[in-house]
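Asks: One letter stands for each residue in the lines below.
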Amino acid sequence: MSGALTWARLSFRQQKWELLLVVLGVAGVTAGMVWFANTLEALRVTSPQCLGGVSGDPRMSFSVPAACQAFLTEYYETENWASNLTNLAWAAPFGMGVILGAPLVAREIDGGTAQLAWSLSRSRVGWLLRRIAFVTLFGLVLLAVLAVGSELLTGAIFPDRTLGEDFVWFGRRGIPIVARGVGAILLGVLVGAVVGRVLPAVLASILVIGVAFTGISLALDQVNRSEATLQPMYAASGEPEQFDMAALDVAFGIETVDGEFMTYTDAFEDGFTPNFTDENGQVFESEADLQAGEPIGRDARLVIAGEKYPLLVLRDSIVAILVGLAALALSAVVVIRRRPA
Amino acid sequence: MNVTNPVLETRGLAKRYRRGVWALQGIDLELPAGGITALVGPNAAGKSTLIKTWVGFEKPTRGSVRVAGIDPWKDRSGALTHLGYVPQSPALYDGLSVEDHLDLARQLRPSFDREYARGRLAQLDIPADRGARSLSGGQQAQVALAIALGTRAPILLLDEPLASLDPLARREFLHVLTDAVRGDGATALLSSHIVTDVEQACDRLIVLGVGRILLHDTVAAAEAAHAISSTEHPNAVASFGAPDGSRIWLVRGTGDRPATLDEVVLGYLASGRSTAAAA
Numbered sequence: 001m002s003g004a005l006t007w008a009r010l011s012f013r014q015q016k017w018e019l020l021l022v023v024l025g026v027a028g029v030t031a032g033m034v035w036f037a038n039t040l041e042a043l044r045v046t047s048p049q050c051l052g053g054v055s056g057d058p059r060m061s062f063s064v065p066a067a068c069q070a071f072l073t074e075y076y077e078t079e080n081w082a083s084n085l086t087n088l089a090w091a092a093p094f095g096m097g098v099i100l101g102a103p104l105v106a107r108e109i110d111g112g113t114a115q116l117a118w119s120l121s122r123s124r125v126g127w128l129l130r131r132i133a134f135v136t137l138f139g140l141v142l143l144a145v146l147a148v149g150s151e152l153l154t155g156a157i158f159p160d161r162t163l164g165e166d167f168v169w170f171g172r173r174g175i176p177i178v179a180r181g182v183g184a185i186l187l188g189v190l191v192g193a194v195v196g197r198v199l200p201a202v203l204a205s206i207l208v209i210g211v212a213f214t215g216i217s218l219a220l221d222q223v224n225r226s227e228a229t230l231q232p233m234y235a236a237s238g239e240p241e242q243f244d245m246a247a248l249d250v251a252f253g254i255e256t257v258d259g260e261f262m263t264y265t266d267a268f269e270d271g272f273t274p275n276f277t278d279e280n281g282q283v284f285e286s287e288a289d290l291q292a293g294e295p296i297g298r299d300a301r302l303v304i305a306g307e308k309y310p311l312l313v314l315r316d317s318i319v320a321i322l323v324g325l326a327a328l329a330l331s332a333v334v335v336i337r338r339r340p341a
Numbered sequence: 001m002n003v004t005n006p007v008l009e010t011r012g013l014a015k016r017y018r019r020g021v022w023a024l025q026g027i028d029l030e031l032p033a034g035g036i037t038a039l040v041g042p043n044a045a046g047k048s049t050l051i052k053t054w055v056g057f058e059k060p061t062r063g064s065v066r067v068a069g070i071d072p073w074k075d076r077s078g079a080l081t082h083l084g085y086v087p088q089s090p091a092l093y094d095g096l097s098v099e100d101h102l103d104l105a106r107q108l109r110p111s112f113d114r115e116y117a118r119g120r121l122a123q124l125d126i127p128a129d130r131g132a133r134s135l136s137g138g139q140q141a142q143v144a145l146a147i148a149l150g151t152r153a154p155i156l157l158l159d160e161p162l163a164s165l166d167p168l169a170r171r172e173f174l175h176v177l178t179d180a181v182r183g184d185g186a187t188a189l190l191s192s193h194i195v196t197d198v199e200q201a202c203d204r205l206i207v208l209g210v211g212r213i214l215l216h217d218t219v220a221a222a223e224a225a226h227a228i229s230s231t232e233h234p235n236a237v238a239s240f241g242a243p244d245g246s247r248i249w250l251v252r253g254t255g256d257r258p259a260t261l262d263e264v265v266l267g268y269l270a271s272g273r274s275t276a277a278a279a
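From first to last, the protein sequence lines stand for chains F and B. The letter at position 26 of the first sequence is residue 26 when you use the working numbering, and the numbering goes up by one with no holes. The letter at position 141 of the second sequence is residue 141 when you use the working numbering, and the numbering goes up by one with no holes.
Treat each hint with caution, since some may be false.
Derived contacts from chain F toward chain B, CB cut-off under 7 Å, selection only [what the hints assert, rightly or not]:
| hint | residue |
| --- | --- |
| 1 | Ser2 |
| 2 | Thr6 |
| 3 | Leu10 |
| 4 | Arg13 |
| 5 | Lys16 |
| 6 | Gly112 |
| 7 | Gln115 |
| 8 | Val125 |
| 9 | Arg161 |
| 10 | Thr162 |
Which stretches of chain B does chain F cover? Using the computed rule of at least three CB atoms under 8 Å from a CB of chain F, they are [as the list claims (entries may be wrong)]:
| hint | region |
| --- | --- |
| 11 | 12-26 |
| 12 | 107-119 |
| 13 | 126-134 |
| 14 | 143-157 |
Which residues of chain F face chain B? A partial, calculated answer using Cβ under 7 Å [said to hold, decoys possible]:
| hint | residue |
| --- | --- |
| 15 | Gln14 |
| 16 | Thr113 |
| 17 | Leu116 |
| 18 | Leu120 |
| 19 | Ser121 |
| 20 | Ser123 |
| 21 | Phe272 |
| 22 | Arg339 |
| 23 | Pro340 |
These aren't lab readings, by the way, just hints derived from the structure by calculation. For glycine and all other residues, C-beta sits at the position ideal for the given N, C-alpha and C.
Please work from the sequences and hints to get the whole structure.
Replies: Spelled out as structure tokens, the structure:
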């Protein structure tokens, strides 16, 4: 145990400034989240009549009593600022990868200390694992704090929704933030090990982490699309369907008359020009078709139901962690093979 | 030089870098246990490359290397347990104190003798709580040496540790090294491009030039082998064989004195260059 504490102390001192920077950043954002969550709660208690006018969701109140104008302006502005903080929570894992991951091995090579460490350690892989353990753990604990803070804030903004079965702000709260941190930090380590110089590694890691997670996101979008269900915006009778707020929107488009789904982009690529939509959500290719009552289809969306939220969180997290582990394996290969300076 | 049970060996070692430059070619070397061997040669002679192949930092293009009979490219862990290494620049961690470095060494190599290293540094009045960044170049080199000595490894490889030190620091460094090696019965290979730096400390000498071994012998034998009398050449202090079979005379002012080790090395480098040019 004392060995682990000694190693933690030494690891902290080797990367003190980066660690302090992320601690300050996370502490600031989390404090902001808690403050906004409390402020929104307090505002809600102050004027429940202004917020509860039409439905439980304040954004559904379309007719605003004059007495509530000032209050609602303040409330929505506060909510807007609060939602910006969740954007920071979304970006935090990638920032951790750049700030903590990329310099980790790069500085050892750049500064020549890898020569000392690799000549003392019997196994370079063992050294690598120990070298990244503390910093990765430290980063993940901070991300966990941020994830909890973001979850808390989301709950404060959407008090009537069951967040465990709701895709609202998917990826900006909860476990995915931590899991992406694993992937991003270890990708950063890989870039640093390959590049071997701190500043170029930091810059390259921005690109690599960005490209890697964009790729992951696009790949998961395809998987989601294959699993999504069709949800028309309007029933066959023309009545608007109940909009499922908790679902994950995978794509918007048209449910054709033969029951197929196509996005608007697909429609244009297939030669359709769905320019006309009537009040019942039916889509027509031309005004003549509109007059004739011959629609292409009707407005619809592909969704994944809110109850699948835990499943997608798990899947996204596993993918991010697997990417991180692959990066770690590659880092080990690089560290074994490369010169220390 | 034939050696029984060599602690450091190379067989037909050649190393070519990516840009196509041969740093080492056909190096056959056997180093016996005990004492300090100086590895000298000009800049870019391949000294660091040779040392780094033993540490496992440079992979041979051809041939093989062994540390205590172990090929570091087949069993890096086994080879490293026999080695203590001092890199060219001390390469200490900016954010760590001297004591932290000893802790780090202990973490990385459980057999590291922290008390021994601490004692060495205390003798030199290097405060354990000082940050590595605030130490002088000489003190940083001493910390690096103390870490290498603290491994209690039977073989020490020192890659130009004196290069950036002032004369006093160089002398102190060599004093500590000599004391430790003599006391522990270790084997040290110390590279330098300045012969006078290591002349007093070393027992054996390897001269490396243009990627080849030009000389490997004891210091006494190296000095004796090229001694000449003033009757052979009035102003020469030593002679060396030239590629065409003639002799190269090392003329240094008035003769009639034995060549210094520095001059012997100079002669080898000159004859080595002539051989390379002739080839």
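Asks: Hint by hint, say whether it matches the structure.
Replies: Hints versus structure:
Interface restraint check for Ser2 of chain F: the shortest CB-CB distance to chain B comes to about 11 Å, outside 7 Å, so the restraint is violated. The beta carbon of Thr6 of chain F is positioned within 7 Å of a beta carbon in chain B (closest approach about 6 Å), and the interface hint is therefore held. Using the Cβ-Cβ criterion of 7 Å, the hint placing Leu10 of chain F at the interface with chain B is satisfied: the shortest such distance is roughly 5 Å. For Arg13 of chain F, the shortest C-beta to C-beta distance to chain B is roughly 5 Å, which falls under 7 Å, so the interface hint holds.
With a cut of 7 Å, the hint placing Lys16 of chain F at the interface with chain B holds, because the nearest CB-to-CB distance is about 6 Å. For Gly112 of chain F, the interface hint holds, the least distance from its beta-carbon to any beta-carbon of chain B being 4 Å, beneath 7 Å. With a cut of 7 Å, the hint placing Gln115 of chain F at the interface with chain B holds, because the nearest CB-to-CB distance is about 4 Å. Restraint check, Val125 of chain F versus chain B: the minimum CB separation of about 10 Å is more than 7 Å; hint violated.
The closest approach between the C-beta of Arg161 of chain F and any C-beta of chain B is roughly 46 Å, which is over the 7 Å cut-off, so the hint fails. Violation of the interface hint for Thr162 of chain F is found here, the shortest Cβ-Cβ separation to chain B being roughly 47 Å, above the 7 Å cut-off. Under the rule that three or more residues need a Cβ within less than 8 Å of chain F, the assignment of the region 12-26 of chain B is violated, with 0 such residues. With 4 residues having a beta carbon nearer than 8 Å to a beta carbon of chain F, the region 107-119 of chain B meets the requirement of three or more and the stated coverage holds.
For the region 126-134 of chain B, the stated coverage by chain F is not satisfied: 0 residues place a CB nearer than 8 Å to a CB of that chain, which falls below the threshold of 3. Interface restraint, the region 143-157 of chain B with chain F: holds (3 residues with C-beta to C-beta distance below 8 Å; minimum three). A distance limit of 7 Å between C-beta atoms decides the matter here; for Gln14 of chain F the minimum to chain B is near 5 Å, and the interface restraint holds. At its closest, the beta carbon of Thr113 of chain F sits 5 Å from a beta carbon of chain B; the interface hint therefore holds under the 7 Å criterion.
Annotation: Leu116 of chain F was flagged as interfacial toward chain B, and the flag holds, the nearest CB pair being 5 Å apart, inside 7 Å. Checking Leu120 of chain F against chain B: minimum C-beta separation of about 4 Å stays under 7 Å; hint holds. Given hint, Ser121 of chain F at the interface with chain B, holds; its Cβ is 4 Å from that chain's nearest Cβ, closer than 7 Å. Hint on Ser123 of chain F holds. Least Cβ distance to chain B is approximately 6 Å, under the 7 Å limit.
Taking 7 Å as the C-beta contact cut-off toward chain B, the hint placing Phe272 of chain F at the interface is violated, the least distance being around 56 Å. For the restraint placing Arg339 of chain F at the interface with chain B, the shortest Cβ-Cβ distance is roughly 6 Å, inside the 7 Å limit, so the hint holds. This hint holds: Pro340 of chain F has a C-beta 6 Å from the nearest C-beta of chain B, less than the 7 Å allowed.
Checked against the numbered hints above, the structure breaks hints 1, 8, 9, 10, 11, 13, 21 and satisfies the rest.
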